[in-house]
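Listed below, chain by chain, are the residues.
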Amino acid sequence: MQMQMPLWPEAASAVATEIDYLYIYLTVVSVVMSVLIFGTIFVFALKYRRRGDEVPEPIHGSLRLEITWSVIPFLVMLTFFWWGAKIYFLNATPPPNSMDVYAVGKQWMWKVQYPEGQREINEMHVPIGRPVKITLASEDVIHSFFIPALRIKHDVVPGHYDTMWFTATKPGRYHLFCAEYCGTEHSGMVGWVTVMQPADYENWLAGGGSSGTMAQQGEHLFEQLGCSTCHLLDRQGRCPILRGVYGSHVQLTDGKTVLADDAYLRESILNPNAKVVAGYKPNVMPSFQGQISEEGILQLIIYMKSLGISNAPGAPTAALQPGAGAKATQDGGKQ
Amino acid sequence: MSTALQEPQTTETPNYLNAEYGWKSWLFTTDHKRIAVLYLISISVMFALGGVFAMLIRLELLTPQGDLVNSDTYNKFFTMHGVTMVFFFLIPSIPATLGNFLIPMMIGAKDLAFPRINLLSWYIYIAGALFALAAIVMGGVDTGWTFYTPFSTTYSNTFVITAATGVFVAGFSSILTGLNFIVTVHKMRAPGMTWGRLPLFVWANYATALIQVLGTPVVAITLALVALERGFHIGIFDPAIGGDPILFQHMFWFYSHPAVYIMILPGMGVMSEIITCFSRKGIFGYSFIAGSSLGIAIIGFLVWGHHMFVTGMSMYAGLYFSLLTMLVAVPSAIKVFNWTATMFRGSISYETPMLYAFGFIGLFTIGGLTGLYLGTLGMDVHLTDTYFVIAHFHYVMVGGMVVAYLGGLHFWWPKITGKMYPEGWGKFSALLVFAGFNLTFFPQFILGYLGQPRRYHAYAPEFQVLNVMSTAGASVLGIGFVIPLIYFLWSLKYGKPAGNNPFGAKGLEWTTQSPPTTFNFDVTPIVTEEAYAYSKKHEVEVG
Numbered sequence: 015m016q017m018q019m020p021l022w023p024e025a026a027s028a029v030a031t032e033i034d035y036l037y038i039y040l041t042v043v044s045v046v047m048s049v050l051i052f053g054t055i056f057v058f059a060l061k062y063r064r065r066g067d068e069v070p071e072p073i074h075g076s077l078r079l080e081i082t083w084s085v086i087p088f089l090v091m092l093t094f095f096w097w098g099a100k101i102y103f104l105n106a107t108p109p110p111n112s113m114d115v116y117a118v119g120k121q122w123m124w125k126v127q128y129p130e131g132q133r134e135i136n137e138m139h140v141p142i143g144r145p146v147k148i149t150l151a152s153e154d155v156i157h158s159f160f161i162p163a164l165r166i167k168h169d170v171v172p173g174h175y176d177t178m179w180f181t182a183t184k185p186g187r188y189h190l191f192c193a194e195y196c197g198t199e200h201s202g203m204v205g206w207v208t209v210m211q212p213a214d215y216e217n218w219l220a221g222g223g224s225s226g227t228m229a230q231q232g233e234h235l236f237e238q239l240g241c242s243t244c245h246l247l248d249r250q251g252r253c254p255i256l257r258g259v260y261g262s263h264v265q266l267t268d269g270k271t272v273l274a275d276d277a278y279l280r281e282s283i284l285n286p287n288a289k290v291v292a293g294y295k296p297n298v299m300p301s302f303q304g305q306i307s308e309e310g311i312l313q314l315i316i317y318m319k320s321l322g323i324s325n326a327p328g329a330p331t332a333a334l335q336p337g338a339g340a341k342a343t344q345d346g347g348k349q
Numbered sequence: 167m168s169t170a171l172q173e174p175q176t177t178e179t180p181n182y183l184n185a186e187y188g189w190k191s192w193l194f195t196t197d198h199k200r201i202a203v204l205y206l207i208s209i210s211v212m213f214a215l216g217g218v219f220a221m222l223i224r225l226e227l228l229t230p231q232g233d234l235v236n237s238d239t240y241n242k243f244f245t246m247h248g249v250t251m252v253f254f255f256l257i258p259s260i261p262a263t264l265g266n267f268l269i270p271m272m273i274g275a276k277d278l279a280f281p282r283i284n285l286l287s288w289y290i291y292i293a294g295a296l297f298a299l300a301a302i303v304m305g306g307v308d309t310g311w312t313f314y315t316p317f318s319t320t321y322s323n324t325f326v327i328t329a330a331t332g333v334f335v336a337g338f339s340s341i342l343t344g345l346n347f348i349v350t351v352h353k354m355r356a357p358g359m360t361w362g363r364l365p366l367f368v369w370a371n372y373a374t375a376l377i378q379v380l381g382t383p384v385v386a387i388t389l390a391l392v393a394l395e396r397g398f399h400i401g402i403f404d405p406a407i408g409g410d411p412i413l414f415q416h417m418f419w420f421y422s423h424p425a426v427y428i429m430i431l432p433g434m435g436v437m438s439e440i441i442t443c444f445s446r447k448g449i450f451g452y453s454f455i456a457g458s459s460l461g462i463a464i465i466g467f468l469v470w471g472h473h474m475f476v477t478g479m480s481m482y483a484g485l486y487f488s489l490l491t492m493l494v495a496v497p498s499a500i501k502v503f504n505w506t507a508t509m510f511r512g513s514i515s516y517e518t519p520m521l522y523a524f525g526f527i528g529l530f531t532i533g534g535l536t537g538l539y540l541g542t543l544g545m546d547v548h549l550t551d552t553y554f555v556i557a558h559f560h561y562v563m564v565g566g567m568v569v570a571y572l573g574g575l576h577f578w579w580p581k582i583t584g585k586m587y588p589e590g591w592g593k594f595s596a597l598l599v600f601a602g603f604n605l606t607f608f609p610q611f612i613l614g615y616l617g618q619p620r621r622y623h624a625y626a627p628e629f630q631v632l633n634v635m636s637t638a639g640a641s642v643l644g645i646g647f648v649i650p651l652i653y654f655l656w657s658l659k660y661g662k663p664a665g666n667n668p669f670g671a672k673g674l675e676w677t678t679q680s681p682p683t684t685f686n687f688d689v690t691p692i693v694t695e696e697a698y699a700y701s702k703k704h705e706v707e708v709g
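Just so you know, the sequences run in chain order A and B.
For the first sequence, this note's numbering assigns the number 15 to the initial residue and increments by one for each residue that follows.
For the second sequence, this note's numbering assigns the number 167 to the initial residue and increments by one for each residue that follows.
There's no promise every hint is true.
Claimed, not checked - Which stretches of chain A does chain B cover? Using the computed rule of at least three CB atoms under 8 Å from a CB of chain B, they are:
id: 1; segment: 101-110
id: 2; segment: 267-280
Claimed, not checked - Calculated cross-link-like contacts (lysine to aspartate or glutamate; reagent style DMTMM-like; alpha-carbon spacing at most 25 Å):
id: 3; chain 1: B; residue 1: K662; chain 2: A; residue 2: D67
id: 4; chain 1: A; residue 1: K184; chain 2: B; residue 2: E628
id: 5; chain 1: A; residue 1: K270; chain 2: B; residue 2: D410
id: 6; chain 1: A; residue 1: K295; chain 2: A; residue 2: E216
id: 7; chain 1: A; residue 1: K61; chain 2: B; residue 2: E517
id: 8; chain 1: A; residue 1: K289; chain 2: B; residue 2: D410
id: 9; chain 1: B; residue 1: K593; chain 2: A; residue 2: D67
In short, the hints are calculated from the structure, not lab data.
For each residue, glycine too, the CB sits at the ideal point set by N, CA and C.
Chain A with its partners taken away, still in its complex shape:
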């Protein structure tokens, strides 16, 4: 039997420490409230215990007391609300300089990939001191990406992208759990997050990915799936030129415009007729629903992102990190 018995989880980020303070605050208030209530009841139960056939005087109530014990607790609760909302809003907005990591939940594993091309299963490596934005996708049911040491969790809902972010502050190896019940091996959908010193992280990055960067993997898919026969890069084909599309505002046939973000590009791959670009006809592009994995879609998106805004031939925005693929080979057999 394991003798270790932690009573407090490790805190490996600034938000984790803040959550700990909030937790302590909530606990102190709760203990004070409980002691007041239980103490009062205990005193009353002893002091006014039945001694004979006495008949107590009736007391009907007191409006002043009712108002007091409604308003004061509510004001205290508003402090909980305020502090909790502050952290929640902070968690919701990744800083613009975040590094990107992509995680796909699939019954019952986490597939993690990096723009530099590394791919891992049930492992994630990140440096300290740098905001990390994780884009989450699910291949099947709802999962939830939970790192207790960072006090963050986000559901991974099939059908669209979710994001979460953190800045780790303390190197170590921390649990990664799936927190939303997802079927048979739900409790086996666990892994480790390794938080490293920046230099160690650079070393680790240099040791990964024989199959090129995520953008290169995406380019390969782009050829393989035949996208490039219609989406020509440098002249007009049957379908829109994708160079410079990422992040731009696209005019649609119904007159609306839409921001070409990850969600729009994903939708256009899986359901091309949903939002057709002005000047093009529906039913030209087939749906790729069921023919491409969520990881593949992410690679395609990164590829499109790498095409940038200019007409100059492929200058990927993501850093090029060619190297040998120790990490990628783990993945190979399960693809």
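Following the hints, position chain B against chain A.
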């Protein structure tokens, strides 16, 4: 049980138990008291079944490896524990048993407004329970009691539609009971029984009935949609066929959060009756306790999104749901403070029901306060879907609701059966339940903050010590539940005759004989005083 009930020799006066004999007289009865007994037996069976699954879960979690049963079996255990306990025990528990038995008597009526519909609601409940049992016997369900999509509609290979049908059908029983209570309280009150004189137990069940009638249709629709998508691939929730999985959660929690109040409000009603009786004192702040029941019923419909803070819901929606969650805690706090104030300068005695009332206030307070942690946005991100949530809602559902139910059962057992339960054993098992409960669930708060996710068949080894404590507590709790079962049955034959009012309680139900006659009152009572007129001086003033 029925053999003991059929002994005319021991009961000299005619009453509802010896009015007729034979199984037909029970299965075709329209007497609210007999229907209450039918419900009591049925929900006890479901409670025992849910309890067996709970023990199997705790046994599996004794070790981190997941070695007692395989993952699929474990997943079925917690699903069937949740489904039987929530839909077939907690939701009907107090309204269908104590509420059915007491509401007509408390308001001076001969029966509920619709006695045949009352019987129908029991048959519908049984039909629903049979579907649930069929799902278990055929091989079980593994979706969790929450039936989250698209797992339930597309990926699960178990008997989802059968179980969902059970819950769907049982919902109609709940709606009919609620409807019956609402009409009864409006139309059947005895002369002089004004709204301001209603016992708070009636107020609490009235508020509950409103939620049952307004909320239950939504869960029925939701589960019907699950069945449609699963059976006919109509895309509603599964994104692969054009649906939205989050839509399911909105619809499900729109009912299932108010359902939490369906489960706890009647328990709060029981508390008001017990605390006044054993403090021999009128309730402090009658209108605030009655009003807070209605407040909970209304605001309870507006907070469902607090189950969904990490689903990617808009953060502004998060703000709204968090703020209203804080607000819905206020009426609960009002009740706790008023019960405490009721004891002030009272004459307090410590019979078994009062011990349960003390236990309720303690455990419900902890359950309520930890609910505030979960309503606090940033905090919930860490705590949701961990054992913290499990601990929180068991403090409310078991520490609150089941404890209140046991307290109420002891309090009115003499009225229901005409026999006293053994007081010594009653106190002993009340203490056992309290100790066992805390040992089971308190460690789970710590486990949750450490990060152990819920619904895990195997867990990280450093969590084992706390899990062992929890399993040990569950064994004590289990014994605490079995002892009352034994002595209640024993008391049917050997219990001392109770007399009409063994606890010196106020309320019209105590003016009848024990057990009451079929039509409760020989003459319709005329009410001249407010509820809980325990003070003689007060009685002189009013009477």
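Quick rundown of the hints versus the structure:
For a cut-off of 8 Å, the count of residues in the segment 101-110 of chain A with a CB near a CB of chain B stands at 6, and the three-residue condition holds. Check result for the segment 267-280 of chain A against chain B: violated, 0 residues qualifying (beta carbon to beta carbon below 8 Å, three or more required). Among the hinted pairs, B/K662 with A/D67 is consistent with the structure: their alpha-carbon atoms are about 23 Å apart, no more than 25 Å. Between A/K184 and B/E628, the direct Cα distance comes to roughly 20 Å. Compliance with the 25 Å bound is thereby established for this hinted pair.
Between A/K270 and B/D410, the direct Cα distance comes to roughly 23 Å. Compliance with the 25 Å bound is thereby established for this hinted pair. Between A/K295 and A/E216 the alpha-carbon distance is near 46 Å, which puts this suggested pair outside the 25 Å criterion. This hinted pair checks out: A/K61 and B/E517 have alpha carbons roughly 17 Å apart, not beyond 25 Å. Proximity of A/K289 to B/D410 is assessed by CA-CA distance (about 18 Å); at most 25 Å being required, the pair is judged to hold.
About 23 Å separates the Cα atoms of B/K593 and A/D67, which keeps this hinted pair within 25 Å; it holds.
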